[in-house]
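Protein chains: 2
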Amino acid sequence: MPVRPVSWSKLDAAARTALLSRPGAAADAATRRAVGDILERVKRDGDAALRELGVRYDGVDLDDIAVSEAERRAATAAMPRDTLAAIDRAIANVRRFHEAQLPQPITVETMPGVRCERVSHPIDAVGLYVPAGTAPLPSAAVMLAVPAAIAGCPTRILCTPPRRDGSADPAVLCAAGRAGVSTIFKLGGAQAIAAMAFGTASVPAVDKIFGPGNAFVTAAKSMVSADPDGAAIDMPAGPSEVLVIADGGANPAFVAADLLAQAEHGSDSQVVLLTDDQRLAALVVEQLQTQREGLSRRRIVSAALEHARIIVVDSLVTAVAVSNRYAPEHLILQSDDARALLPSIRNAGSVFIGPWTPESVGDYCSGTNHVLPTNGYARSYSGLGVDQFLRQMTVQELTRDGLSSLRDTVSALAGLEGLDAHAAAVTVRLESRQ
Amino acid sequence: MPVRPVSWSKLDAAARTALLSRPGAAADAATRRAVGDILERVKRDGDAALRELGVRYDGVDLDDIAVSEAERRAATAAMPRDTLAAIDRAIANVRRFHEAQLPQPITVETMPGVRCERVSHPIDAVGLYVPAGTAPLPSAAVMLAVPAAIAGCPTRILCTPPRRDGSADPAVLCAAGRAGVSTIFKLGGAQAIAAMAFGTASVPAVDKIFGPGNAFVTAAKSMVSADPDGAAIDMPAGPSEVLVIADGGANPAFVAADLLAQAEHGSDSQVVLLTDDQRLAALVVEQLQTQREGLSRRRIVSAALEHARIIVVDSLVTAVAVSNRYAPEHLILQSDDARALLPSIRNAGSVFIGPWTPESVGDYCSGTNHVLPTNGYARSYSGLGVDQFLRQMTVQELTRDGLSSLRDTVSALAGLEGLDAHAAAVTVRLESRQ
Numbered sequence: 001m002p003v004r005p006v007s008w009s010k011l012d013a014a015a016r017t018a019l020l021s022r023p024g025a026a027a028d029a030a031t032r033r034a035v036g037d038i039l040e041r042v043k044r045d046g047d048a049a050l051r052e053l054g055v056r057y058d059g060v061d062l063d064d065i066a067v068s069e070a071e072r073r074a075a076t077a078a079m080p081r082d083t084l085a086a087i088d089r090a091i092a093n094v095r096r097f098h099e100a101q102l103p104q105p106i107t108v109e110t111m112p113g114v115r116c117e118r119v120s121h122p123i124d125a126v127g128l129y130v131p132a133g134t135a136p137l138p139s140a141a142v143m144l145a146v147p148a149a150i151a152g153c154p155t156r157i158l159c160t161p162p163r164r165d166g167s168a169d170p171a172v173l174c175a176a177g178r179a180g181v182s183t184i185f186k187l188g189g190a191q192a193i194a195a196m197a198f199g200t201a202s203v204p205a206v207d208k209i210f211g212p213g214n215a216f217v218t219a220a221k222s223m224v225s226a227d228p229d230g231a232a233i234d235m236p237a238g239p240s241e242v243l244v245i246a247d248g249g250a251n252p253a254f255v256a257a258d259l260l261a262q263a264e265h266g267s268d269s270q271v272v273l274l275t276d277d278q279r280l281a282a283l284v285v286e287q288l289q290t291q292r293e294g295l296s297r298r299r300i301v302s303a304a305l306e307h308a309r310i311i312v313v314d315s316l317v318t319a320v321a322v323s324n325r326y327a328p329e330h331l332i333l334q335s336d337d338a339r340a341l342l343p344s345i346r347n348a349g350s351v352f353i354g355p356w357t358p359e360s361v362g363d364y365c366s367g368t369n370h371v372l373p374t375n376g377y378a379r380s381y382s383g384l385g386v387d388q389f390l391r392q393m394t395v396q397e398l399t400r401d402g403l404s405s406l407r408d409t410v411s412a413l414a415g416l417e418g419l420d421a422h423a424a425a426v427t428v429r430l431e432s433r434q
Numbered sequence: 435m436p437v438r439p440v441s442w443s444k445l446d447a448a449a450r451t452a453l454l455s456r457p458g459a460a461a462d463a464a465t466r467r468a469v470g471d472i473l474e475r476v477k478r479d480g481d482a483a484l485r486e487l488g489v490r491y492d493g494v495d496l497d498d499i500a501v502s503e504a505e506r507r508a509a510t511a512a513m514p515r516d517t518l519a520a521i522d523r524a525i526a527n528v529r530r531f532h533e534a535q536l537p538q539p540i541t542v543e544t545m546p547g548v549r550c551e552r553v554s555h556p557i558d559a560v561g562l563y564v565p566a567g568t569a570p571l572p573s574a575a576v577m578l579a580v581p582a583a584i585a586g587c588p589t590r591i592l593c594t595p596p597r598r599d600g601s602a603d604p605a606v607l608c609a610a611g612r613a614g615v616s617t618i619f620k621l622g623g624a625q626a627i628a629a630m631a632f633g634t635a636s637v638p639a640v641d642k643i644f645g646p647g648n649a650f651v652t653a654a655k656s657m658v659s660a661d662p663d664g665a666a667i668d669m670p671a672g673p674s675e676v677l678v679i680a681d682g683g684a685n686p687a688f689v690a691a692d693l694l695a696q697a698e699h700g701s702d703s704q705v706v707l708l709t710d711d712q713r714l715a716a717l718v719v720e721q722l723q724t725q726r727e728g729l730s731r732r733r734i735v736s737a738a739l740e741h742a743r744i745i746v747v748d749s750l751v752t753a754v755a756v757s758n759r760y761a762p763e764h765l766i767l768q769s770d771d772a773r774a775l776l777p778s779i780r781n782a783g784s785v786f787i788g789p790w791t792p793e794s795v796g797d798y799c800s801g802t803n804h805v806l807p808t809n810g811y812a813r814s815y816s817g818l819g820v821d822q823f824l825r826q827m828t829v830q831e832l833t834r835d836g837l838s839s840l841r842d843t844v845s846a847l848a849g850l851e852g853l854d855a856h857a858a859a860v861t862v863r864l865e866s867r868q
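Protein chains in written order, with the numbering used here: chain A, 1 to 434; chain B, 435 to 868.
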């Protein structure tokens, strides 16, 4: 049963905090222990461990975890034409938006003879993880592979769990290939993360790992990112979330459809509606009941709706304040002149403006990335973009005169910090005859 | 005693790996346990815990950990004029280079009627940590506070350990104030990180914590960043490092001065010279001996030089390859036409080009940031810049026609992923009479 609307103004501070709280995102001790074991085994036994873990967790014993060129070709050949067209359309839009994100080099002469630069380089080796979970996720392959290709990362590998018959999902293979990733391994779960972080005979070690996953994958990413021998990661992850702000002019059917689309991701999906109109809240609840009936993932949807929150606020100003406090992954604005709210939105992963912008276009094909900060991390993290596949390196070059003009500054600051060799590195130069 | 030069070509693979290895950067179990205790106590007891921990670790019992306006004014009044000028010069140059890093908003119409945007927001609350360690570090205050101010983070607080007399270092107060931070707390170590991550009655909780520190601070940052109730952090940290690439034309006195400047940071500093000229290597060793004599931190320098590495390579091409493999925090190029090497440098935090560019100008005042990735993290992390004080939020807005043109794409991809509510969110809109 969908929850009943609650009135924000009638709640005290503690009730408000409780209403906006999320289920704990930290892995429990048992999960961390199990993942720790998997990481250790892969570190120690490499491919042998991967094979054994594949039998245990994926129920399949693979001679070769690498997807062959033949398997990739067969996957594309088997794909209906309209499916290929959809994948290509998604790739084209995501590519267009992400290409615009490539940073330009910066050069600034901060003083005469003191030239500072910033240049970017792609990360040498990146690992992309595409989960299977309740369904294959070719869209995740697109969202990870396209920015990696635009950044120009020389080594791009992708891991995705094998199916029971030992094959990889053909749509994932197809999407990855068309988005520029040709090295694909049939590996899932924590062992996939371990393989990419530490490397094995078959799987090259990468510098950074990207992509969503279940609790095991998330814990594994967190653990390898804290290991100096491991790899960096894109961002911490939690269950997917949507927050809709709607006023009395919104179409309740549209609002309900967006809430249901979020709810079908998983029973732990976070679904929040904020409205200043009691009547709309009631109509949305009705629509949730009606529209839910036709959905194939009805049970997941119902489970997620159990903890959905429909909150009636006194104004859209309050709605925006509550949303900024919650910091949702996805924020949908369905109000009169929705764009006018945008400047006051501070904390959100991605924003969907107006009646014709359902979240599902961002999930698939508008061009924005669907890998976004959950669990309130939008307060401090950005969604995935080309930047996260690059590193910025600074450069400086001084002339003799430039150095001379900074001599007193270095001397004074080195003096404060008791670092005479820092000052000497300047004076030894300026006092030399070279 | 400075180490003796070794010849790269005479080493086997294992010896090369050993030569380029760093001391373990992971906190040992005892440190993590101690830090875990401190985090728990601050989380539970707030200010009372901070006071108690201040007595234990800083040897001072403070009624009020907040630096008063009077203390800040007195610090500036006591500062010699040339010191203030040096601080202001450093701030001006760092500001100029970092202002150029502010990203522009992006708008792309990926298809007719499908508008995607990326806008940036400052992180609401940031916490800056300036260690005291063997000496106060006003330069760290500049490097952290200036980009935070340029990004426009509304809440910027700074923690720095109190001195035995209960005051904060006046140079740090002065630099922080002039760089735009006026909320300063006399707090050091893991308890400072805990206070900023979780908040106490006196210290506001922040969204992200920046800055260097000792093993306790580093472990505390790592632990709060893994805690969903904690805070994000800038980057993992390890001992400071320099790698110099020099050819036979380099001035050995300049090279030695840079190595010594790095060595004086701490006995765990990493100091590496790569040269294709045996004679230069020998001259640098002589210069290290001579120049070291005049330094006040001779003992620290000697300890760091014990594990310095002077490596003779067959060519500068090899030198660059070895440097890229090592991925140094600071890379100094002192060779004929040093700039010509730059395009082949992939992994480094900051690069210093030519004879007139000692690392100490970057540490203090050229304009680049001195908070840089150590321990090989330059392979996957950038040095500090304005970006890390911002978050990128994406936005999309479709027209009815734009949505209509993506209908088949969403349908096909939602079909592959078994997510019918995702497709329904589009069809319910296009089939409505609104």
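Everything labelled a hint here was simulated from the structure, so no lab data went into it. In this text, a Cβ means the ideal position worked out from N, Cα and C, and glycines have one as well. It is possible that some hints are incorrect.
What the hints assert, rightly or not - To spell it out: a stretch of chain A is covered by chain B in this simulated footprint if at least three of its residues, at any positions, have a beta carbon under 8 Å from a beta carbon of chain B; those stretches are:
{"#": "1", "stretch": "49-56"}
{"#": "2", "stretch": "335-345"}
{"#": "3", "stretch": "359-366"}
Q: Determine which of the earlier numbered hints do not hold for this structure and return their numbers in increasing order.
A: Hint 1 contradicted; others consistent.
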